[in-house]
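Undergrad: If you want the building blocks of each chain, they are given just below.
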Amino acid sequence: MKLVMAIIKPFKLDEVREALTSLGVQGLTISEVKGFGRQKGQTEIYRGAEYSVSFLPKVKVEVVVADGQADAVVEAIQKAGSTGRIGDGKIFVLDLQTAVRIRTGESGDEAL
Amino acid sequence: MKLVMAIIKPFKLDEVREALTSLGVQGLTISEVKGFGRQKGQTEIYRGAEYSVSFLPKVKVEVVVADGQADAVVEAIQKAGSTGRIGDGKIFVLDLQTAVRIRTGESGDEAL
Amino acid sequence: MKLVMAIIKPFKLDEVREALTSLGVQGLTISEVKGFGRQKGQTEIYRGAEYSVSFLPKVKVEVVVADGQADAVVEAIQKAGSTGRIGDGKIFVLDLQTAVRIRTGESGDEAL
Amino acid sequence: MKFKNLRFGRSARLGVAALGGLGVAAMAAPASAATDVETAFIFNTLSFLMHGFLVMWMAAGFAMLEAGLVRTKNTTMQCLKNIAIYSVAGILYYLIGYNLMYMDVSGFIGSFSIWSAADPSITADGFVGEEAGYAAGSDWFFQMVFVAATASIVSGTVAERVKLWPFLIFTVVLTGIIYPIQGSWTWGGGWLSEMGFSDFAGSTIVHSVGGWAALAGAIVIGARKGKFVDGKVHPMPGANLPLATLGTFILWMGWFGFNGGSQLAMGTAADIRDISSIYINTNLAAAGGVVAAIILTQVMYKKVDLTMALNGALAGLVSITAEPLAPAPGLAVIIGAIGGVIVVFAVPMLDKLKIDDVVGAVSVHLIAGIWGTLAVPLSNGDASFVTQIVGIVSIGAYTFIFSLIVWTILKVTIGVRASEEDEVDGLDKAECGMEAYPEFGVGSQRM
Amino acid sequence: MKFKNLRFGRSARLGVAALGGLGVAAMAAPASAATDVETAFIFNTLSFLMHGFLVMWMAAGFAMLEAGLVRTKNTTMQCLKNIAIYSVAGILYYLIGYNLMYMDVSGFIGSFSIWSAADPSITADGFVGEEAGYAAGSDWFFQMVFVAATASIVSGTVAERVKLWPFLIFTVVLTGIIYPIQGSWTWGGGWLSEMGFSDFAGSTIVHSVGGWAALAGAIVIGARKGKFVDGKVHPMPGANLPLATLGTFILWMGWFGFNGGSQLAMGTAADIRDISSIYINTNLAAAGGVVAAIILTQVMYKKVDLTMALNGALAGLVSITAEPLAPAPGLAVIIGAIGGVIVVFAVPMLDKLKIDDVVGAVSVHLIAGIWGTLAVPLSNGDASFVTQIVGIVSIGAYTFIFSLIVWTILKVTIGVRASEEDEVDGLDKAECGMEAYPEFGVGSQRM
Amino acid sequence: MKFKNLRFGRSARLGVAALGGLGVAAMAAPASAATDVETAFIFNTLSFLMHGFLVMWMAAGFAMLEAGLVRTKNTTMQCLKNIAIYSVAGILYYLIGYNLMYMDVSGFIGSFSIWSAADPSITADGFVGEEAGYAAGSDWFFQMVFVAATASIVSGTVAERVKLWPFLIFTVVLTGIIYPIQGSWTWGGGWLSEMGFSDFAGSTIVHSVGGWAALAGAIVIGARKGKFVDGKVHPMPGANLPLATLGTFILWMGWFGFNGGSQLAMGTAADIRDISSIYINTNLAAAGGVVAAIILTQVMYKKVDLTMALNGALAGLVSITAEPLAPAPGLAVIIGAIGGVIVVFAVPMLDKLKIDDVVGAVSVHLIAGIWGTLAVPLSNGDASFVTQIVGIVSIGAYTFIFSLIVWTILKVTIGVRASEEDEVDGLDKAECGMEAYPEFGVGSQRM
Ligand SMILES: Nc1ncnc2c1ncn2[C@@H]1O[C@H](COP(=O)(O)OP(=O)(O)O)[C@@H](O)[C@H]1O
Ligand SMILES: Nc1ncnc2c1ncn2[C@@H]1O[C@H](COP(=O)(O)OP(=O)(O)O)[C@@H](O)[C@H]1O
Ligand SMILES: Nc1ncnc2c1ncn2[C@@H]1O[C@H](COP(=O)(O)OP(=O)(O)O)[C@@H](O)[C@H]1O
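Residue numbers (full-length UniProt numbering), protein chains in the order written: chain A, 1 to 112; chain B, 1 to 112; chain C, 1 to 112; chain D, 1 to 447; chain E, 1 to 447; chain F, 1 to 447.
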């Protein structure tokens, strides 16, 4: 199994979720993060003083999928999450040892 | 070492933490996440319009343990976190390369 | 590639970020977490009742780097994040399979 | 000549002229019991001032209500718009609005000039008036806070996508020209007042006017991106309901000033007795609106919608505003309750028409305002349904068309709508460069 | 016969009848210097209206205080309950409450009938009264806002686990029946007033009554899940302390209306001089409560507990409410400070008794209310400790038992308590289907 | 002898003594038209009470403004300081402040004694005064709320790093000694009033005094860690802008009391006509400040800074406070607008001087206060620039030096500044042991 972890622009969340569910993904977990990268935060003025916002709001999507599905998932996220503008984010793939469904204790691919 | 990452129902957090500490786990990290899965969010009405909440509040627990302890930890979380009702969450186990304690620079199992 | 995940004290964030950028790291992602560990939360009094805060605010820094850079990154975080006082946090290193840049679809080290 | 017969219908019924009544009372009653003329002057003026600061407070109410009902990313902007509106309205009403509304009204319009106070009855030898009257400035103050309320209504409807400067320009036109001209028709003693149109404190003249201007704005500007997709309505819940609740309570409190002060006099026992009735009816109509909205949402949706309860209170208040004096308390509850019912049905109805009204202001101020104006003849024998409809339609058509033109001109010239990217990122970032709640979680430091 | 001698003890001491005094003053003083009767009528009425809108504002204060002291997941519900309470209280007090309390009080109860205003002194010829009096409606308005305060007290204590509809039914009974009947005993001129029980603005009649009803509710409903586990108290900190602070300031402001308006007259120099003293004492008692709570929490816990400071202010206010006029300012500080001390000890004491009072309302309103009522004889020579105790005990027993019965009936019929799951998930989701702060972080979109 | 001639310059111009005018009016005007003396007494007193509760409300305004402009981790502390200040100020002003300011003022200082009310004109036979006057207590109440405002100003500037107890000790000295002594110079009838210094409602006497004390504090305490690093300014944005907006609206509302009540009388038509003008000018100056700040930040920074708009409103209000009566409305707009301009430039200027003023209070209250005091001669012919400068400088030097000494003594004895760790973690944790928004996200349980 793979843990696919994607950092995306917040307003792309709905599209990414739909892309994943249409691939048959049954579950995913998101969290609110802030990102620092090539996309520079605006230089803001707060009360007359320059103020560069280095961290920008992003959403992290974590989805665990069976090994065979990982590539499709990565591709789906990449397509749905892309605006072509800097700051679209990254997708990271990690190897997972096990997954367990808390409700039933099932493990492995059944747990997803 | 293993990184055990569990997505649980928020109100189960205290029980899960107690289960882990009684196993001798000395530290863990939690974050607030939202989950999408089989457990469907209520279909809400906001000002007369239907409104389906697809993401539900969950808590993510991350705990790094020595290899030998991983199974016990997974089991403890699974037991403490279960209500038997849909949406109880998942436990994912990943392999960890190193752990370092920032304060001292120690690494490996001593860092935990 | 490696995913370096560090749990640090919130007020150390700026220093850690600067340490990383001076190593040439181009991007990172942070999130707000709470930690439980050896550092005990204060025993607070709320309206006359004892109240032990077991979870303390921390920031999680996640940075993906090329394999060769991982050690330097860990060291930099460890140095910048350390106050020498309990609760400074941990650094965990995980192996990463792939990274993809959503904007362009590039993968591997180029995606970082 | 400055003349105002806000209470035309009612005063005719009572058989005494509005403010003239004060003098009469002072003269007619036995010397030992009657209020003297200067005292009555002070009471009348005090009523404008005290009720005026309560209405001013409604500006804060609108600000909090709207700040609570938009999403976080547009909250700063909403606060900014509200304090700007109140400021602009005051200055414009001084520069042209007041005199357009009340100075030498020809029937359809007053005169273009800067307002200035004149109190001939106060001389170096003291007060020499023969009739009570009031300080001219207190009246200006009280009228000014009304026009600000009208503008605030618009702000809520077009929130989350309108650009700041076009919005402020519209506010200038609304408070300086659109509102005062139609106001002159009734309160300025113009043609509608001649005809007997009755709108005690402004269900139509203030609230519906705000609602029509808002509706025109919503149509010209269009709905928020993502609100109506594939024929489905996607709610975008307000970010801070306690703020919205606070705003509603503030408005409720301010409404005692709005309706109570519209008695325009406090210098006789009869006047303050009337103000007492107005307070009661105002309060009970709001209560009726809340109870109706709560029961109805429970029945229809099996849950009680707080935002509808808040809108219900406001709809009850708007409904009673055209005639807060004449109804018996029980009737006031019913008038308000019908307002509450209206809002529960009107909000989703507007959604169906794909009109995106962020805070429900059109439902609350326009639709309940029409209802309130129509309800006047229920308790006020001098008002007729026909005249009320003439007033509603003429003021509505005038305001809606005028607003539509102004919004359209703004649209084709400088543009009224934020870019799609700015809308997605939130107007706070785009227009203010400032987040309402900038911190990333409790534990974090400056980032 | 409608008769109110709220100020029985005090007025007897001054040697003039409560409102009669106004007429006397108007007659006795030299014609050139004395206020005429109609003017006094206006002033008296104005006092009810102005102080009334301040007390109305306390409804917002309770809403914000409670919205700030519950957890996020119950905030919408708390806002909803508070606006519903204020609405229900007004309607009920109109339908039966006022007349039960003030109309033809037999000694123990007034009459069951709908309230309506009568102002015989105002005729078509102007004001013909021989005594000043006030507009009947202004009095109703002022009394109505008091009953709403009583109900708000209950709402805070039973928060986070009570179901909406049973709570609203209890509110109906409390505001329509429980409160007015006991109110008739003293303020309606019933047996307690005959006996000389003295409670100027309602430490017992309003605040303790709310506290007793709340206590009964807390007992019947039980503590929140997880609050008391294995003999240990688990605090559940309020989610938004600035809101709670705002609520406290609102209540403090409103209290000038609460106590000041309870002078029931403003038509003579002596009356408004008394109102001035009341404002001062009200303010200083609150100040004393704050300072005492701050010092005490610093000494006891080495930290200053803001929520205790807020409760200290309120306890100081409640403490002075039974007699805000007679004490010298220094005594007012002390009475309030003792209130502040009481609350610092009472809150953990209730916890020890496993009574779960979410916002500390029982400590603030009931216990400090008892203290305030007992403190009356310190400065008011006409009050006696024995009579005060009779009043406290009889009103307390009546209210507590009546409330206990109503809560119990609700419990065994429709149930008063949310299901365990709803309590865990929060009442906002369960009963309102709506989150108070629905957004998931600043950066996120609609989800 | 108690004597106050706040309105010295103006009353001289009008040719009547301040309060004496009331009696004159009552005597001179025809009997049928003139207000009688007792009625005037009631009106005068009512003005103090009504305007007093509005000024009291400003305490909530400061609390919300400051709670919104600090970071989350210092919010509880800011709420606590504000309620503590208001409490301490009231008690101190009772114990020594009032009499120091108004009792037997020698020219430079009054007398050290506890305040108590005396109203000789009210006797058992009713009102026997020959001149109107007012209830002594109402005056105390009105003066007391002013001193609280002064102290609140300090609290905002030194936020986020000052320790609670030293701050409260400073508040004791400020409200008990520093403020009343300089107040006696002008309003107590001392040397500055003799000289003709004119400050109607306290641009200098209240606002600049607060600003000077704040400036001294900021200098002694030093900037927040991380604010000025390597010659660069690091903004630390306020955590909750809707709260700050609410605070500003509250202050705006309260300012009608602040300036309106400073007329010190309401018992003649002329007085309430003047109050009407004051309301108008107060409102328009604030509006001018907002509009100026909005336009200027748009021009300078291409974005509209909400916090500057809020500060602009307050700067406009402070600017008009020294003379809210004499200017024509158009001039009031301009005076306020210049205040708004000042604040937009002063805030970054202070940053350049490395003076860390968290909420901009020095810019708003001190600098705009100086401007307002200098602007008096523009409309008030009795004031001279020279005398105004003498007043500004003498009061400024006195307050700044006295404050500097007190802050320094506190620094070297008990210390004024929180430890670096406490500052990093936030004062809420360190001093209150309590978080303002303790919850970790919406979905989480107690942790
Ligand atoms: N090396 C990295 N490790 C972790 N997260 C990263 C890394 N680089 C970028 N990110 C995340 O991806 C987001 C987008 O990256 P950025 O460099 O701004 O744009 P792009 O992905 O278009 O090149 C960042 O805001 C950050 O959250
Ligand atoms: N494939 C997945 N990847 C990541 N998180 C998942 C995945 N599936 C489920 N989750 C998380 O687990 C939670 C519970 O899953 P759900 O399917 O609702 O119930 P259950 O675990 O009882 O089958 C979800 O809300 C989500 O946070
Ligand atoms: N085994 C663990 N797994 C995950 N996170 C941990 C673990 N141990 C500690 N942490 C995180 O590191 C933080 C610091 O740990 P703590 O034991 O308090 O101090 P130190 O790292 O100085 O020994 C904790 O608050 C927690 O967030």
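Keep in mind the hints are simulated off the structure, nothing from the lab.
A couple of the hints might just be wrong.
Stated by the list, open to error - Here are some of the chain E residues that sit facing chain D, going by a computed Cβ distance under 8 Å:
no., residue
1, Ile42
2, Leu46
3, Gly52
4, Met64
5, Leu80
6, Ser106
7, Ile109
8, Phe112
9, Ser113
10, Pro120
11, Ile122
12, Gly433
13, Met434
Stated by the list, open to error - Computed list of lysine to aspartate or glutamate pairs in EDC-like fashion (alpha-carbon distance at most 20 Å, straight line):
no., chain 1, residue 1, chain 2, residue 2
14, A, Lys40, C, Glu110
15, E, Lys303, F, Glu421
16, D, Lys225, D, Asp422
17, D, Lys303, E, Asp425
18, F, Lys354, F, Glu423
19, F, Lys411, F, Glu421
20, F, Lys225, C, Glu18
21, D, Lys302, E, Glu423
22, C, Lys40, B, Glu75
23, B, Lys40, E, Asp104
24, C, Lys40, B, Glu110
25, E, Lys225, E, Asp422
26, C, Lys40, F, Asp422
27, D, Lys225, D, Glu420
28, E, Lys354, C, Glu50
29, B, Lys40, E, Asp125
30, C, Lys79, C, Glu18
31, E, Lys302, F, Glu131
32, F, Lys227, F, Asp382
33, E, Lys232, B, Glu18
What the hints assert, rightly or not - Ranges of calculated distance between the beta carbons of each label pair, as one might list FRET restraints:
no., chain 1, residue 1, chain 2, residue 2, range
34, C, Thr104, D, Leu353, 42 to 50 Å
35, B, Glu106, F, Val299, 56 to 64 Å
36, F, Asp422, E, Ile401, 49 to 57 Å
37, F, Thr408, A, Ile86, 48 to 56 Å
38, B, Glu50, D, Ile389, 48 to 56 Å
Idealized CB from N, CA, C, for every residue including glycine.
Undergrad: Determine which of the earlier numbered hints do not hold for this structure and return their numbers in increasing order.
TA: 6, 7, 8, 9, 10, 22, 23, 29, 31, 32 and 38
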